[in-house]
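**Q** In case you want the letters, here they are:
2 protein chains.
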Amino acid sequence: MVVSDRFVLGVDLGGTKILSLCLDPDLNVVSRDYRPTDAGEGVDGVLGRMAESARAAAGGRPIAAVGVSTAGTTNPTTGTVHTSPNMPGWRNVRLRDMLAERLALPVWIENDANAGALAEHRIGAGRGTRHMVLVAAGTGIGGGLILDGKLYHGASGGAGEIGHMQLDLEGRQCSCGRRGCLEALASGWALDLSAREIAQASPEGLVASFARREGVEPDGRILDLAAAAGDPEADAALRKAGRFFGDGLTNLIHLLNPELVVVGGSLRKSEVYYRTALEVVEREAFPQHLADVRIVEAELGDEAPAMGAALVAFEKLGEGPGARA
Amino acid sequence: MVVSDRFVLGVDLGGTKILSLCLDPDLNVVSRDYRPTDAGEGVDGVLGRMAESARAAAGGRPIAAVGVSTAGTTNPTTGTVHTSPNMPGWRNVRLRDMLAERLALPVWIENDANAGALAEHRIGAGRGTRHMVLVAAGTGIGGGLILDGKLYHGASGGAGEIGHMQLDLEGRQCSCGRRGCLEALASGWALDLSAREIAQASPEGLVASFARREGVEPDGRILDLAAAAGDPEADAALRKAGRFFGDGLTNLIHLLNPELVVVGGSLRKSEVYYRTALEVVEREAFPQHLADVRIVEAELGDEAPAMGAALVAFEKLGEGPGARA
Numbered sequence: 001m002v003v004s005d006r007f008v009l010g011v012d013l014g015g016t017k018i019l020s021l022c023l024d025p026d027l028n029v030v031s032r033d034y035r036p037t038d039a040g041e042g043v044d045g046v047l048g049r050m051a052e053s054a055r056a057a058a059g060g061r062p063i064a065a066v067g068v069s070t071a072g073t074t075n076p077t078t079g080t081v082h083t084s085p086n087m088p089g090w091r092n093v094r095l096r097d098m099l100a101e102r103l104a105l106p107v108w109i110e111n112d113a114n115a116g117a118l119a120e121h122r123i124g125a126g127r128g129t130r131h132m133v134l135v136a137a138g139t140g141i142g143g144g145l146i147l148d149g150k151l152y153h154g155a156s157g158g159a160g161e162i163g164h165m166q167l168d169l170e171g172r173q174c175s176c177g178r179r180g181c182l183e184a185l186a187s188g189w190a191l192d193l194s195a196r197e198i199a200q201a202s203p204e205g206l207v208a209s210f211a212r213r214e215g216v217e218p219d220g221r222i223l224d225l226a227a228a229a230g231d232p233e234a235d236a237a238l239r240k241a242g243r244f245f246g247d248g249l250t251n252l253i254h255l256l257n258p259e260l261v262v263v264g265g266s267l268r269k270s271e272v273y274y275r276t277a278l279e280v281v282e283r284e285a286f287p288q289h290l291a292d293v294r295i296v297e298a299e300l301g302d303e304a305p306a307m308g309a310a311l312v313a314f315e316k317l318g319e320g321p322g323a324r325a
Numbered sequence: 001m002v003v004s005d006r007f008v009l010g011v012d013l014g015g016t017k018i019l020s021l022c023l024d025p026d027l028n029v030v031s032r033d034y035r036p037t038d039a040g041e042g043v044d045g046v047l048g049r050m051a052e053s054a055r056a057a058a059g060g061r062p063i064a065a066v067g068v069s070t071a072g073t074t075n076p077t078t079g080t081v082h083t084s085p086n087m088p089g090w091r092n093v094r095l096r097d098m099l100a101e102r103l104a105l106p107v108w109i110e111n112d113a114n115a116g117a118l119a120e121h122r123i124g125a126g127r128g129t130r131h132m133v134l135v136a137a138g139t140g141i142g143g144g145l146i147l148d149g150k151l152y153h154g155a156s157g158g159a160g161e162i163g164h165m166q167l168d169l170e171g172r173q174c175s176c177g178r179r180g181c182l183e184a185l186a187s188g189w190a191l192d193l194s195a196r197e198i199a200q201a202s203p204e205g206l207v208a209s210f211a212r213r214e215g216v217e218p219d220g221r222i223l224d225l226a227a228a229a230g231d232p233e234a235d236a237a238l239r240k241a242g243r244f245f246g247d248g249l250t251n252l253i254h255l256l257n258p259e260l261v262v263v264g265g266s267l268r269k270s271e272v273y274y275r276t277a278l279e280v281v282e283r284e285a286f287p288q289h290l291a292d293v294r295i296v297e298a299e300l301g302d303e304a305p306a307m308g309a310a311l312v313a314f315e316k317l318g319e320g321p322g323a324r325a
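So the protein sequences, as listed, match chains A and B.
The first sequence begins at 1 in the numbering used here and counts up by one.
The second sequence begins at 1 in the numbering used here and counts up by one.
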């Protein structure tokens with residue numbers, strides 16, 4: 001099988017939208033298709049729309065393979081999505097085989113944070129590094145590990161659950177059921193919750209006032225605005241969350257001794273939060289580990305998982321015809 | 001170079017003793033030598049005794065190479081011991097080259113927890129597994145990672161600092177300077193400290209009484225005895241430490257999705273502590289990760305690091321003459 005004369009597709013399945021990219025053999029994006037997921041219509045409906053989106057992005061070009069990225073617990077070896085935080089009805093869906101049948105093409109699946117890590121490593125901020133950790137801090141906190149130059153999956157593709165590293169046994173309840181996971185302490189949804197708590201406790205404070213003025217629920221963005229305007233509670237909430245984020249990064253650095261940590265997701269734009277986190281790493285990481293590591297921002301933006309999914313397909317093709325088994 | 005007609009040495013450099021093992025080409029231990037470290041005599045004195053111990057274990061047999069395991073931060077690529085918790089004067093000691101010169105043999109060095117992990121993986125509890133974590137919980141808490149079948153070092157050999165995963169930002173001061181590291185909450189020295197605190201606060205309690213009766217300082221072993229005799233404070237201290245240990249294990253399982261966790265060190269014999277830890281993992285780990293992993297006890301005992309050091313030497317020889325560079 002010659003890889004280089006055909007295109008590959010990367011399809012990112014999100015809770016609200018499906019994005020398909022078509023990449024030429026030189027990894028250039030030549031076409032993209034966005035459409036709504038409409039997850040409420042169930043697995044068959046979503047699969048149908050994924051196939052439509054993939055065909056639209058392909059635009060009649062010869063396609064060698066398809067990579068799919070999706071949130072949740074996925075097993076790339078069996079091609080199964082076990083659970084998805086964004087699509088509550090999805091339980092043990094054999095996504096790889098079901099989509100492969102619809103498209104009559106080889107399909108591989110990958111967790112979206114892993115796919116994002118692969119993309120940053122191959123064509124983004126992590127180019128040329130050997131040991132890289134991607135930490136995606138947005139609404140949730142996810143991660144992907146590139147170890148010895150390869151995406152590290154663990155036993156069944158579950159590796160890299162950075163957001164569910166517990167940092168405070170008495171901390172806030174996490175969506176996973178545990179208390180005090182990094183995600184419950186330092187994610188976008190955790191900051192949104194803090195903003196609502198502050199607004200409730202201080203209805204005359206800046207957080208509540210800014211939210212009222214904008215006609216929105218108090219959230220992390222409002223916290224940023226209020227902190228910048230001098231609100232001490234907003235500032236403290238951002239520092240506390242940033243403190244935990246920095247502790248999570250330091251733990252990862254101690255455990256994996258990476259050369260590079262790539263931080264993606266919207267929270268790196270939250271100035272008080274992110275500066276606090278970097279200060280914690282600088283102060284608390286062991287000198288040896290700190291000397292080895294750089295912390296940089298992701299380069300690829302929201303399309304990184306779809307791009308990474310396409311790269312998975314490329315790399316699998318390179319492994320030869322037995323690769324899919 | 002033919003590997004199979006010569007012997008290798010594994011030398012474990014500890015704070016109080018040096019252990020040298022001589023292994024035949026089939027990995028059988030054919031000879032061992034113990035002698036005191038006498039770390040107070042400085043680097044040269046210790047190096048001299050390491051060389052004597054190695055020669056004694058060799059007993060005139062033809063030796064192909066030497067592996068050395070040692071505590072602290074080590075860089076196996078440069079052969080340097082950066083710091084050692086047991087030998088305070090050691091700063092950036094080029095142990096590999098200095099010992100190689102004395103013995104006129106190729107030498108490799110490795111962190112002792114990494115060496116122990118390699119030994120358990122190749123000939124102990126981890127045989128045949130692909131992704132294995134060793135957690136050694138004794139006086140301190142160390143670890144080693146076998147990922148994709150190989151010892152994972154990270155950028156400069158610092159990977160696997162499991163004991164310095166922070167679990168409680170307000171927790172007890174750790175020897176590393178941070179607060180609330182796993183080691184400060186759940187190691188042997190942390191339990192010793194808890195025992196002393198309990199004895200001081202309750203001089204008529206079982207912990208204080210047992211220690212007086214035995215004429216020793218209150219320590220973790222006394223906590224075990226007191227808990228078994230029904231002392232609620234001792235029981236609570238062991239449960240709290242075990243809780244943290246279980247949380248540390250769960251974090252590792254979430255992050256690395258291993259097939260096997262091998263627990264070494266004396267604390268696995270502390271019944272309340274260890275049972276509590278296993279209960280936490282069973283209750284808190286994600287179902288996917290829990291289904292993949294077994295948690296077992298180490299098989300090799302105190303000689304695992306020396307054995308692993310010898311295995312490092314064997315494997316380096318197998319990589320060919322360029323391996324040392």
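These are calculated hints, taken from the structure and not from any lab test.
Mixed in with the good hints, there may be bad ones.
If chains are identical, the list can't say which one is meant, so a pair holds when it fits in one copy or spans any two.
What the hints assert, rightly or not - Taking lysine to aspartate or glutamate pairs in the DMTMM-like style, the calculated list, with each CA pair at most 25 Å apart, reads:
hint, residue 1, residue 2
1, 269, 97
2, 316, 148
3, 150, 235
4, 150, 319
5, 150, 170
6, 150, 315
7, 269, 24
8, 240, 282
9, 150, 259
10, 17, 282
11, 316, 38
12, 240, 24
13, 240, 170
14, 240, 219
15, 150, 233
16, 17, 197
17, 269, 319
18, 150, 302
19, 17, 259
20, 269, 52
**Q** State for each hint whether it applies.
**A** Results for each hint:
| no. | hint | verdict |
| --- | --- | --- |
| 1 | 269 <-> 97 | neither (39 Å within a copy, 47 Å between copies) |
| 2 | 316 <-> 148 | both (18 Å within a copy, 18 Å between copies) |
| 3 | 150 <-> 235 | neither (39 Å within a copy, 45 Å between copies) |
| 4 | 150 <-> 319 | both (13 Å within a copy, 21 Å between copies) |
| 5 | 150 <-> 170 | neither (36 Å within a copy, 36 Å between copies) |
| 6 | 150 <-> 315 | both (11 Å within a copy, 22 Å between copies) |
| 7 | 269 <-> 24 | neither (32 Å within a copy, 59 Å between copies) |
| 8 | 240 <-> 282 | within (16 Å within a copy, 30 Å between copies) |
| 9 | 150 <-> 259 | both (14 Å within a copy, 19 Å between copies) |
| 10 | 17 <-> 282 | neither (38 Å within a copy, 36 Å between copies) |
| 11 | 316 <-> 38 | neither (30 Å within a copy, 55 Å between copies) |
| 12 | 240 <-> 24 | neither (45 Å within a copy, 56 Å between copies) |
| 13 | 240 <-> 170 | both (15 Å within a copy, 13 Å between copies) |
| 14 | 240 <-> 219 | within (16 Å within a copy, 35 Å between copies) |
| 15 | 150 <-> 233 | neither (43 Å within a copy, 48 Å between copies) |
| 16 | 17 <-> 197 | neither (30 Å within a copy, 57 Å between copies) |
| 17 | 269 <-> 319 | neither (38 Å within a copy, 46 Å between copies) |
| 18 | 150 <-> 302 | within (22 Å within a copy, 34 Å between copies) |
| 19 | 17 <-> 259 | neither (34 Å within a copy, 35 Å between copies) |
| 20 | 269 <-> 52 | neither (35 Å within a copy, 59 Å between copies) |
Hints 1, 3, 5, 7, 10, 11, 12, 15, 16, 17, 19, 20 from the list above are not met by this structure, while the remaining hints are.
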